[in-house]
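Undergrad: Protein chains in written order, with the UniProt record's numbering: chain A, 1 to 306; chain B, 1 to 306; chain C, 1 to 306; chain D, 1 to 306.
Misleading hints may appear alongside valid ones.
Which copy is meant is left open, so a pair is good if it fits within one copy or across any two.
30 Å max Cα-Cα, derived DSSO-like pairs, lysine-lysine [claimed, not checked]:
| id | residue 1 | residue 2 |
| --- | --- | --- |
| 1 | 162 | 103 |
| 2 | 110 | 290 |
| 3 | 108 | 198 |
| 4 | 212 | 69 |
| 5 | 140 | 223 |
| 6 | 108 | 212 |
| 7 | 108 | 299 |
| 8 | 162 | 39 |
| 9 | 39 | 212 |
| 10 | 103 | 82 |
| 11 | 162 | 69 |
| 12 | 162 | 140 |
| 13 | 223 | 108 |
| 14 | 198 | 110 |
| 15 | 223 | 110 |
Worth flagging that the hints you see were computed from the coordinates, not collected in a lab.
There are 4 protein chains.
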Amino acid sequence: MSRKVAVIGMGHVGSTVAHYIVANGFADDLVLIDSNEDKVNADALDLKDAMPNLPYHTNIVVNDYSALKDAEVIVSAVGNIKLQDQPQADRFVELPFTRDAVKDVAPKIKASGFSGKLVVISNPVDVITSLYQQLTGLPKNQVIGTGTLLDSARMKRVVADKFNVDPRSVSGYNLGEHGNSQFTAWSTVRVLDQPITKLAAERNIDLPELDKESKLGGWYVFKGKKYTSYGVATAAVRLVNVILSDARTELPVSNFREEYGVYLSYPAIVGRQGILEQSQLDLTEEELQKLQNSANFIKQKYNESK
Amino acid sequence: MSRKVAVIGMGHVGSTVAHYIVANGFADDLVLIDSNEDKVNADALDLKDAMPNLPYHTNIVVNDYSALKDAEVIVSAVGNIKLQDQPQADRFVELPFTRDAVKDVAPKIKASGFSGKLVVISNPVDVITSLYQQLTGLPKNQVIGTGTLLDSARMKRVVADKFNVDPRSVSGYNLGEHGNSQFTAWSTVRVLDQPITKLAAERNIDLPELDKESKLGGWYVFKGKKYTSYGVATAAVRLVNVILSDARTELPVSNFREEYGVYLSYPAIVGRQGILEQSQLDLTEEELQKLQNSANFIKQKYNESK
Amino acid sequence: MSRKVAVIGMGHVGSTVAHYIVANGFADDLVLIDSNEDKVNADALDLKDAMPNLPYHTNIVVNDYSALKDAEVIVSAVGNIKLQDQPQADRFVELPFTRDAVKDVAPKIKASGFSGKLVVISNPVDVITSLYQQLTGLPKNQVIGTGTLLDSARMKRVVADKFNVDPRSVSGYNLGEHGNSQFTAWSTVRVLDQPITKLAAERNIDLPELDKESKLGGWYVFKGKKYTSYGVATAAVRLVNVILSDARTELPVSNFREEYGVYLSYPAIVGRQGILEQSQLDLTEEELQKLQNSANFIKQKYNESK
Amino acid sequence: MSRKVAVIGMGHVGSTVAHYIVANGFADDLVLIDSNEDKVNADALDLKDAMPNLPYHTNIVVNDYSALKDAEVIVSAVGNIKLQDQPQADRFVELPFTRDAVKDVAPKIKASGFSGKLVVISNPVDVITSLYQQLTGLPKNQVIGTGTLLDSARMKRVVADKFNVDPRSVSGYNLGEHGNSQFTAWSTVRVLDQPITKLAAERNIDLPELDKESKLGGWYVFKGKKYTSYGVATAAVRLVNVILSDARTELPVSNFREEYGVYLSYPAIVGRQGILEQSQLDLTEEELQKLQNSANFIKQKYNESK
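Isolated chain A, as found in the complex (with noise of 0.2 Å):
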């Protein structure tokens, strides 16, 4: 067997998470799919002119959904960033269209008789990923959203940078909807191997300042470029190497909490069955709170996208 992988959604990152996948040789195959006949095509041109310069080899296939059925991992980055180029917009001025286009996509993929796991990243991701799951009808495991895996990996560059080292020497999470609801778990977050909550005392530092920038740094990269594309398209992947080599790596990814009956971002084990076990967090009750209210908000504005 090989690796095949499909990316539904050719915008900024859905080809930036293609172009990842073949400049590394993650994949064997890769099925490109997208309704812009002419971008996908120019994608995999594109793609496939890399190639020569290239240590390996990866076989793009385009828009054909039949390819789809022995995919090990599809991911949808179907979406339409531009909505979000205005005043006060945030991931919800996007759901109309992704739903329709997820009304699209998703009864061509079962039709294909796709059983392998589905990484969303489309936004607004934790609805998104729900109507995936449903329309779908595989598994709730067998789907996930992206979600906090990229607000995590912000707190984490802001927390590094505040404490003078590398990002992967800091752990902890974003839960909640990968959106304006969530929030950094200051109590599962540690750094020099203390609790930031304790050093934060001690250094007198403003952990509300540090959400605060966490959160404004996708904004700051949407303002510069219009768009997000590697942080973003760099999770879904470090998910898809997950799935694909069964790792059963702890991850803060959006999967069907029961407790909350909506999909939102808590840390699961992932593997090659998709989520595996799901976490079990020591929240505080202010963090449980938040993380109510992010579902709440997540399951209304699911119940309004129907």
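Dock chains B, C and D against the given chain A, drawing on the hints supplied.
TA: Okay, now just chains B, C and D, sitting in the frame of chain A:
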């Protein structure tokens, strides 16, 4: 010593170069420069958001020309691809814009004390490479254009498709201007251990048709995406890695050929000192004529550009 | 689908193959088999001790033949290099040992239901590859010996040193037996865009001397280390990756040529189905004679081995 | 600037370090040094035989101490593992041999003008690291032993197996001597977002049993292979990469702690200047006592070794 690389110009190509380098840990220090502060900061932040999910760390410095002093390689990707998005446009519509940008950038590179290698992607690349060499005062062998390293890759893709083999199992070159006057030197192309001219005769393959298809490749990508990025960025980063590791690889890149008096693409041995040795092909009379025409065209454009 | 690869025989070469695969994340599932339980378990444990400091995860399974059923590629590295450590020894001193090992291993591979590709490193490789094909009953195109992929690399190293270029900028092949009857087919070798025969004449280079140096390479390594590992393991893993990704790369490997009636090294297009197409070189009369001699030698040894 | 790394001592570990670096293109220039000329030349040649089939090029220099002058990192893997292959042997049986080797090597490093970072794998590592620091006169923060970076990896492997997760999702440290007096500081170990001490109590897991299993790991590998290589080489190369890229990663390595007056393993922030900052753990009384015992043992051995 660690690896220090810089990218000037954070459009589609420059940012793809930066992402490819960061995602693979090809550099330890990466300097990103762009006159659009918001864009370059957004890309830097987006790349930093990727790092917690990457295996490698890269130090990113933004808009600091003084950091170029001890860089091993600078990649110039300044340009304005949007100018090409009009009927009858070719790479020369970018010339006035890019010439002015280079006149701004090159003296700053010089002032930094930089004495490394300059890899030029900016179009029209042969003219711009020449301009950079002149304005920075760097030795000619240290200023190199990516030139037809991309076009040769496109030719390999087309030939590989025709013969159903890996494009890396095709050898040979496109020569001359990275532009409309370039051509595939079919006398240099080999596949399946045979000169392609022999195989084409045996199998009734129309080489001019392949040439056309190869040339159209970039146009198709441009048409579908409004820019090209992965092919050219991969070529550029391969060139950077060859320089960093002093690999002495033979590559068709834009280098100054005395007999033509211009920068144009012709294979050369590339290593840590830049162009180490110039190859000498046995071209046909027709190919020599095409190359002369291409050289004349570049010279004329260069003279007009001054 | 994920990537599943197996290595049978955990001596110096097999364990280097395993380490190279694990260190680069080339496989998702890796089956390691050796009759020396302590050794294979030690290597597996040592590789697992590496993983917490590696970016990739690989699932390692030890000594389970049933796990071969759905493997994409099996690498055979069984052998006993110590037998070569005596005066006048060549690769054939390993034959009785390895033949017996293959007679033990091959039926177990067959019984597992394996229907993938078998990459044979075990020496004398041409005879052993033939034996594996016969005993497993796999189609001839699915059983491939690494053959002169290593010897060609050694030739490229020697030529590259002489011409002061990257060995990857040298093309051409060593042909025939991976053993003393092999030879460099100088008519196929090109460097600096010229046939080496032409350059050798111009520059007064003694090609037989280069041939000798190339052949001595393995002997020097063996003399200094009492085994060889990195060169051959790299060749084998390159072959594995070409198969996994269906790259259709042209490689000089040991494949069954009807006109000679034996397995011997001759370039072929390799992809996911193994040998996809056999190349056809324009060899000189002298080279054809050498190849015939090499084929005769292999045939004789094969007949003796049965 | 490009990356220059040296490896001194080409036994099983040193040569695996060299191969891992070459196979991944982690260095541009690699200096290999060993008093056994045949062995180091054999390894260099074997690595060069790998390069034509590798995507990266590395310049290899053999047995030239003057080439160390501008190296960024030197890895010391000198030692004689065979000395450990006897009943009741521990890492200290290597001490007289390695001490003498270091007394030969260190002055040559100093004489080269080397001012980079020295990564010591040679056993007994804490004593040997100290000896290197003293004999080279390099600042203490620039001389680092791999120490319990390997033992911590082994502990993570054992814990990960128990909890069925990725070892990279386990955090925590083994501390003290890289030898028999080391211990897992269970108070630092976390898995599934909980202190392992809490989970062990809940799930009735015997931590001393895990500790024993973790310690036995190296012994099992040694028993089966007569040496260990992949785990420790991976740890060392990770440390090298962290230094090259100035990643500021927190790692449990052997560094000089003033309060104990010896080199011992304790987490520290590592970057381009070596040890940038020393962590401060909240150890239990029992752990502090164990660490003091381990420090005393190292000090005693160091004094005996002089």
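Undergrad: Can you give the numbers of the hints that this structure goes against, from lowest to highest?
TA: 1, 2, 3, 4, 5, 6, 14 and 15
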